[in-house]
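Participant: Residue strings, one per chain:
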Amino acid sequence: GIQVEQSPPDLILQEGANSTLRCNFSDSVNNLQWFHQNPWGQLINLFYIPSGTKQNGRLSATTVATERYSLLYISSSQTTDSGVYFCAGREDTGTASKLTFGTGTRLQVTL
Amino acid sequence: DTGVSQDPRHKITKRGQNVTFRCDPISEHNRLYWYRQTLGQGPEFLTYFQNEAQLEKSRLLSDRFSAERPKGSFSTLEIQRTEQGDSAMYLCASTRGGAVYEQYFGPGTRLTVT
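As you go down the protein sequences, you meet chains A and B in turn. Counting along the first sequence from 1, when you hit position 88 you're at 88 in this note's numbering, and nothing is skipped either side. Whatever position you read off the second sequence (first residue = 1), add 1000 for this note's numbering.
Source of the hints: derived by calculation from the structure; they are not laboratory data.
Computed Cβ-Cβ distance ranges for the label pairs, DEER-style:
{"#": "1", "chain 1": "B", "residue 1": "Gly1085", "chain 2": "A", "residue 2": "Ser7", "range": "23 to 31 Å"}
{"#": "2", "chain 1": "B", "residue 1": "Thr1013", "chain 2": "A", "residue 2": "Gly52", "range": "43 to 51 Å"}
{"#": "3", "chain 1": "B", "residue 1": "Ala1099", "chain 2": "A", "residue 2": "Gln3", "range": "19 to 27 Å"}
{"#": "4", "chain 1": "A", "residue 1": "Ser75", "chain 2": "B", "residue 2": "Gly1003", "range": "20 to 28 Å"}
{"#": "5", "chain 1": "A", "residue 1": "Leu111", "chain 2": "B", "residue 2": "Thr1076", "range": "38 to 46 Å"}
{"#": "6", "chain 1": "A", "residue 1": "Ser75", "chain 2": "B", "residue 2": "Ser1062", "range": "43 to 51 Å"}
{"#": "7", "chain 1": "A", "residue 1": "Ala65", "chain 2": "B", "residue 2": "Leu1060", "range": "22 to 30 Å"}
{"#": "8", "chain 1": "B", "residue 1": "Ser1066", "chain 2": "A", "residue 2": "Thr20", "range": "36 to 44 Å"}
Covered stretches of chain A, going by a simulated chain B footprint (3 or more residues, C-beta under 8 Å):
{"#": "9", "region": "38 to 52"}
{"#": "10", "region": "78 to 90"}
{"#": "11", "region": "100 to 108"}
Part of the chain B face toward chain A, derived, beta carbon under 10 Å:
{"#": "12", "residue": "Tyr1035"}
{"#": "13", "residue": "Leu1091"}
{"#": "14", "residue": "Tyr1104"}
{"#": "15", "residue": "Phe1105"}
Cβ coordinates follow ideal geometry from the N, Cα and C atoms, glycine included.
Kindly produce the complete structure, drawing on both the sequences and the hints.
Facilitator: Okay, structure coming up:
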């Protein structure tokens, strides 16, 4: 099956710091998505980014599909950014099948 | 669009009981997915519907699990004879279909089997 790996597994930041989260994925993974899971378990869509770069406020993401990685940048972090960040990819089988998730990066932003 | 909704949000049941969860996708989304998430892990795929047809099932979906989407709108996931290992968050997602693959998730149903 396809592989999705995230690093680092845990990250502690002071408020105001910047961070980069990485997602490596195997061949035949596409349609990459980034999610933030809040403390209540809700998965919130951050980016749908099969390739290229997107920005949304303090967050931006870049996917280099040819090198099979994606990066999520968080700038000027806030305590509300705390939670678990997941990347997930869909196997390129030509059908609209499942997402495979990484194991997540747990981010804690402290005052 | 209203988002994906799930009911109930929490369920506590005793081992051996049957439970049923409901998912209402975003309107006009014809593809619906169920995932399960255990503590410290990412969500894992269980099953997928396109309209009312169940097109894919994971090996995680034992014969105690059944899912339906009778009219191609809402879906139900039933677990029979629950076991403590079934304790998890059950997540539902939907996507519009066609060439659009971005999935949107509901708030989940947290199941605790005692």
